[in-house]
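Novice: For reference, the chains in residue letters:
4 protein chains.
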Amino acid sequence: MFKENELVILIDPKNRTYLLKLKKGGRFSFHGGTIFHDEILKKKEGEIIQSSKGIELLIFRPTIAEYILKLKRKTTIIYPKDIAQIIFLGDIFSGAKVFEAGTGSGALTLALLQAVGKRGVVVSYEKRKEFLELAKSHIENYLKANKQKDFGKLVLKNKDIEKGVEEKNFDRVILDLPEPWKVLDQVEKILKPGGFFLSWLPTVLQVFKLVEEAKKRKFYLKGIYEFLERKWKKEGKSLRPEDRMVAHTGFLLIFRKIL
Amino acid sequence: MFKENELVILIDPKNRTYLLKLKKGGRFSFHGGTIFHDEILKKKEGEIIQSSKGIELLIFRPTIAEYILKLKRKTTIIYPKDIAQIIFLGDIFSGAKVFEAGTGSGALTLALLQAVGKRGVVVSYEKRKEFLELAKSHIENYLKANKQKDFGKLVLKNKDIEKGVEEKNFDRVILDLPEPWKVLDQVEKILKPGGFFLSWLPTVLQVFKLVEEAKKRKFYLKGIYEFLERKWKKEGKSLRPEDRMVAHTGFLLIFRKIL
Amino acid sequence: MFKENELVILIDPKNRTYLLKLKKGGRFSFHGGTIFHDEILKKKEGEIIQSSKGIELLIFRPTIAEYILKLKRKTTIIYPKDIAQIIFLGDIFSGAKVFEAGTGSGALTLALLQAVGKRGVVVSYEKRKEFLELAKSHIENYLKANKQKDFGKLVLKNKDIEKGVEEKNFDRVILDLPEPWKVLDQVEKILKPGGFFLSWLPTVLQVFKLVEEAKKRKFYLKGIYEFLERKWKKEGKSLRPEDRMVAHTGFLLIFRKIL
Amino acid sequence: MFKENELVILIDPKNRTYLLKLKKGGRFSFHGGTIFHDEILKKKEGEIIQSSKGIELLIFRPTIAEYILKLKRKTTIIYPKDIAQIIFLGDIFSGAKVFEAGTGSGALTLALLQAVGKRGVVVSYEKRKEFLELAKSHIENYLKANKQKDFGKLVLKNKDIEKGVEEKNFDRVILDLPEPWKVLDQVEKILKPGGFFLSWLPTVLQVFKLVEEAKKRKFYLKGIYEFLERKWKKEGKSLRPEDRMVAHTGFLLIFRKIL
Numbered sequence: 001m002f003k004e005n006e007l008v009i010l011i012d013p014k015n016r017t018y019l020l021k022l023k024k025g026g027r028f029s030f031h032g033g034t035i036f037h038d039e040i041l042k043k044k045e046g047e048i049i050q051s052s053k054g055i056e057l058l059i060f061r062p063t064i065a066e067y068i069l070k071l072k073r074k075t076t077i078i079y080p081k082d083i084a085q086i087i088f089l090g091d092i093f094s095g096a097k098v099f100e101a102g103t104g105s106g107a108l109t110l111a112l113l114q115a116v117g118k119r120g121v122v123v124s125y126e127k128r129k130e131f132l133e134l135a136k137s138h139i140e141n142y143l144k145a146n147k148q149k150d151f152g153k154l155v156l157k158n159k160d161i162e163k164g165v166e167e168k169n170f171d172r173v174i175l176d177l178p179e180p181w182k183v184l185d186q187v188e189k190i191l192k193p194g195g196f197f198l199s200w201l202p203t204v205l206q207v208f209k210l211v212e213e214a215k216k217r218k219f220y221l222k223g224i225y226e227f228l229e230r231k232w233k234k235e236g237k238s239l240r241p242e243d244r245m246v247a248h249t250g251f252l253l254i255f256r257k258i259l
Numbered sequence: 001m002f003k004e005n006e007l008v009i010l011i012d013p014k015n016r017t018y019l020l021k022l023k024k025g026g027r028f029s030f031h032g033g034t035i036f037h038d039e040i041l042k043k044k045e046g047e048i049i050q051s052s053k054g055i056e057l058l059i060f061r062p063t064i065a066e067y068i069l070k071l072k073r074k075t076t077i078i079y080p081k082d083i084a085q086i087i088f089l090g091d092i093f094s095g096a097k098v099f100e101a102g103t104g105s106g107a108l109t110l111a112l113l114q115a116v117g118k119r120g121v122v123v124s125y126e127k128r129k130e131f132l133e134l135a136k137s138h139i140e141n142y143l144k145a146n147k148q149k150d151f152g153k154l155v156l157k158n159k160d161i162e163k164g165v166e167e168k169n170f171d172r173v174i175l176d177l178p179e180p181w182k183v184l185d186q187v188e189k190i191l192k193p194g195g196f197f198l199s200w201l202p203t204v205l206q207v208f209k210l211v212e213e214a215k216k217r218k219f220y221l222k223g224i225y226e227f228l229e230r231k232w233k234k235e236g237k238s239l240r241p242e243d244r245m246v247a248h249t250g251f252l253l254i255f256r257k258i259l
Numbered sequence: 001m002f003k004e005n006e007l008v009i010l011i012d013p014k015n016r017t018y019l020l021k022l023k024k025g026g027r028f029s030f031h032g033g034t035i036f037h038d039e040i041l042k043k044k045e046g047e048i049i050q051s052s053k054g055i056e057l058l059i060f061r062p063t064i065a066e067y068i069l070k071l072k073r074k075t076t077i078i079y080p081k082d083i084a085q086i087i088f089l090g091d092i093f094s095g096a097k098v099f100e101a102g103t104g105s106g107a108l109t110l111a112l113l114q115a116v117g118k119r120g121v122v123v124s125y126e127k128r129k130e131f132l133e134l135a136k137s138h139i140e141n142y143l144k145a146n147k148q149k150d151f152g153k154l155v156l157k158n159k160d161i162e163k164g165v166e167e168k169n170f171d172r173v174i175l176d177l178p179e180p181w182k183v184l185d186q187v188e189k190i191l192k193p194g195g196f197f198l199s200w201l202p203t204v205l206q207v208f209k210l211v212e213e214a215k216k217r218k219f220y221l222k223g224i225y226e227f228l229e230r231k232w233k234k235e236g237k238s239l240r241p242e243d244r245m246v247a248h249t250g251f252l253l254i255f256r257k258i259l
Numbered sequence: 001m002f003k004e005n006e007l008v009i010l011i012d013p014k015n016r017t018y019l020l021k022l023k024k025g026g027r028f029s030f031h032g033g034t035i036f037h038d039e040i041l042k043k044k045e046g047e048i049i050q051s052s053k054g055i056e057l058l059i060f061r062p063t064i065a066e067y068i069l070k071l072k073r074k075t076t077i078i079y080p081k082d083i084a085q086i087i088f089l090g091d092i093f094s095g096a097k098v099f100e101a102g103t104g105s106g107a108l109t110l111a112l113l114q115a116v117g118k119r120g121v122v123v124s125y126e127k128r129k130e131f132l133e134l135a136k137s138h139i140e141n142y143l144k145a146n147k148q149k150d151f152g153k154l155v156l157k158n159k160d161i162e163k164g165v166e167e168k169n170f171d172r173v174i175l176d177l178p179e180p181w182k183v184l185d186q187v188e189k190i191l192k193p194g195g196f197f198l199s200w201l202p203t204v205l206q207v208f209k210l211v212e213e214a215k216k217r218k219f220y221l222k223g224i225y226e227f228l229e230r231k232w233k234k235e236g237k238s239l240r241p242e243d244r245m246v247a248h249t250g251f252l253l254i255f256r257k258i259l
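Those protein sequence lines, which keep their order, are chains A, B, C and D.
Here the numbering used here is used: the first sequence runs in plain steps of one and ends on residue 259.
Here the numbering used here is used: the second sequence runs in plain steps of one and ends on residue 259.
Here the numbering used here is used: the third sequence runs in plain steps of one and ends on residue 259.
Here the numbering used here is used: the fourth sequence runs in plain steps of one and ends on residue 259.
Treat the hints with care, since some could be wrong.
Copies of the same chain look alike in the list, so a pair counts if it fits in one copy or across any two.
Unchecked claim - When the alpha-carbon atoms are kept at most 27 Å apart in a straight line, the in silico DSSO-like pairs for lysine-lysine are as follows: (1) K21 with K53; (2) K222 with K189; (3) K222 with K81; (4) K209 with K81; (5) K144 with K74; (6) K81 with K118; (7) K231 with K218.
Simulated from the structure, these hints should not be mistaken for laboratory data.
Please work from the sequences and hints to get the whole structure.
Specialist: Here is the structure:
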């Protein structure tokens, strides 16, 4: 059964999803009527709840991929399809020490915390205080609601990476910054040899510039990638891709530090 | 410094990669000459080694994504770009209990073991004994070489899932089988409510069949996906995608168990 | 200068486009104000016109690709990116005799008429009378407005291809029908040996069925294709793909008739 | 029946294709044995011919798309999937006057000649004499072999567009040049108002540069495009995309001249 402060995702018959944080006495109203949190609190994951208008909704605990798409955002987030690749191609292993800048809305930070597991550490810099506060609450809400999962230790810092860093000997550095070439000194300082440096960039001139600057230094360029996800749908005898898709989010650059 | 039995990946100036398991007295010969393992054993990650013909190669520890592409394969493996999505969209969290069938070459199994971390468990069925043995040695080689990383508990079983299962209350089930619709009873038995069932299928008629069969049962279809990865290259002023790419590997189907 | 009954496309500063058929005394009102046709009639192609609210719009003659996207549609049309491939991969040459079914909104028909040129012929079957009427008026509007271009001879027939055909010795047959396997007899009758048979199908089970049926007959399968178009945008220093794209329209199958 | 100097494409059971120019007494040898041209000259399109080793091959007349992939090339050609879009999105209509530079191997030139039809004209500049000669023979071979098709009038000039042009009042200009921004004066001179200017560019910095330079002049940027083609294959019950595809050829930029 669900507990207070748990997060649930409700799915209606048209596959629309709604994220709720459960509160005793709480209520959720939508075009399909009203749902009382107290009713959900008596249910189990995978059960169905009926709205006041008789709409049936499935109740699940949200994954991080589902959760982050529902966050209040002050910036563009990195999409789940791209976070997946950052974690696997970037080898964010269980037990790793990971440095991130900037924190943004905390979407990637949360995914990193899950990937590094119990013994891992994620240090994240964000220079804009209001972003850091929002990210913190996003992350804490998910952590509190998911006691069955292990997460690494989180260190959020209200700092500007351009002004210097105190971290060193880290396994991975991930930058979601518009001008990463300005902080290559810091990246070299933070990373251990062989460590991964990942940069997420939306436009091609940024990619060009970063590769030019990084090759003057102790970095091996492992690859420049873009990722596309295409969803399919099946209705009766019709199986086909969906009509529209995301055409672009950004480019992932992966470097390794050399000695 | 590297130790005996560690795995290293060597990268030549044309970005070709070579995987070695370090042995005292070992030697590696390729078109660029010979390299002596004892020389590598004196180096650190991120250093350069010279072959007998003067070719310079970078030395790194391989990620799982790099390692599995070098494995001896008896079957097609699931590609890194797809493993990444299985782990993140399938919410293979730190601490999870994951069931897999079949083990195949062990590529996905190894990635799951890293994702579930210290407290997690991966049970994997494989009916062909010689595949299981090979997968086991692939996995053990990587685990022994990566003591700094945490991995879950591995249980390999030389069993055919079609003949029944003893597992239950698992968080996730992942099938890389040609006829997954034949084992939906078993999947329902293994999974806890709300748990994820992922199926990896290369052709569209398989996708059609599985969706048809699963909807007769207690499964919610979260989505059918295909993923594309496009690499880019930069040479001087030229920045452009590579000429060729992988056009297709398979389709990922994600279901959640309902009550 | 433009003449009455010519078609023009107006492009506003945000790249929105508006299609007009010029009439003396006509007026066009949109969120940006009003534009009088008489003003446009005094302009030349490539000139700018100001709306009553001071919005500046470029005036051009529309291409077929632009025109068909503005048509009143009773069915989905085949997209420009796909029409382009039908014409070139399907070798719709200047002087060809082309058979089409069904006419639909006439979008493909019009493109075929342009491709076959002065000496070519396009015969198009459509069983639904109201579709045929609409297609006819779409095509005639474009032909009348584009006297500087050559078009083939058009023969529209209000007939159901399933009930038989009288055509034979044609160079190409193009079917935009949901069950093309039902009319393979007719296709064989219409086509000369070596001729192309193209079928446009939105879903994969249709593709499977047609290939299965066609291989029992005198058809060589040249290929099954899908086509993707990705647009890019440049704003200041930012050059990147647009955020969203069309993920799927349909599959093109190309066969050649063998003896 | 085929005639001397006709082009044929032979297709073997594994879908490999061979282009021949028929000569009395000619012979073609390949891994599957020998085929005598005189035997083909007795056949009709769509018939089967047996090699000396008993391999059966289909005989067809090649389309331009098939023909150009078989040409001796001194440069990269523009691919059929891209030529298709140049012709349709670029509105290369029947009767059009088209200017091209440079001619290259003549692949695009030939496709343009077919698109403009009987009354159309294609003027093509190529500064390298040996390229021009090769292109000329490529084009003439196809024209002679395809009397049943209409082609426009071809004017090949051994000239460097950077040194000035005498053409004006053309409907379309298509540049396959590495630095098109150097000849924008010439493009403006050649094109009539409303006319299309298309540029084909392989790398992103070229795209950036051309858009920057063109917007300082009398050009409206209609769009920047890239096109992907994915082939599918069916074997028994298996229907799926092919394993690999072309990931990149180039970017198409389309402008229209404004007054």
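Novice: Each of the hints needs a verdict: does it hold here or not?
Specialist: Results for each hint:
no., hint, result
1, K21 with K53, "within (21 Å within a copy, 49 Å between copies)"
2, K222 with K189, "within (19 Å within a copy, 43 Å between copies)"
3, K222 with K81, "both (20 Å within a copy, 15 Å between copies)"
4, K209 with K81, "both (25 Å within a copy, 26 Å between copies)"
5, K144 with K74, "within (23 Å within a copy, 44 Å between copies)"
6, K81 with K118, "both (24 Å within a copy, 25 Å between copies)"
7, K231 with K218, "between (40 Å within a copy, 22 Å between copies)"
Checked against the numbered hints given earlier, the structure satisfies every one of them.
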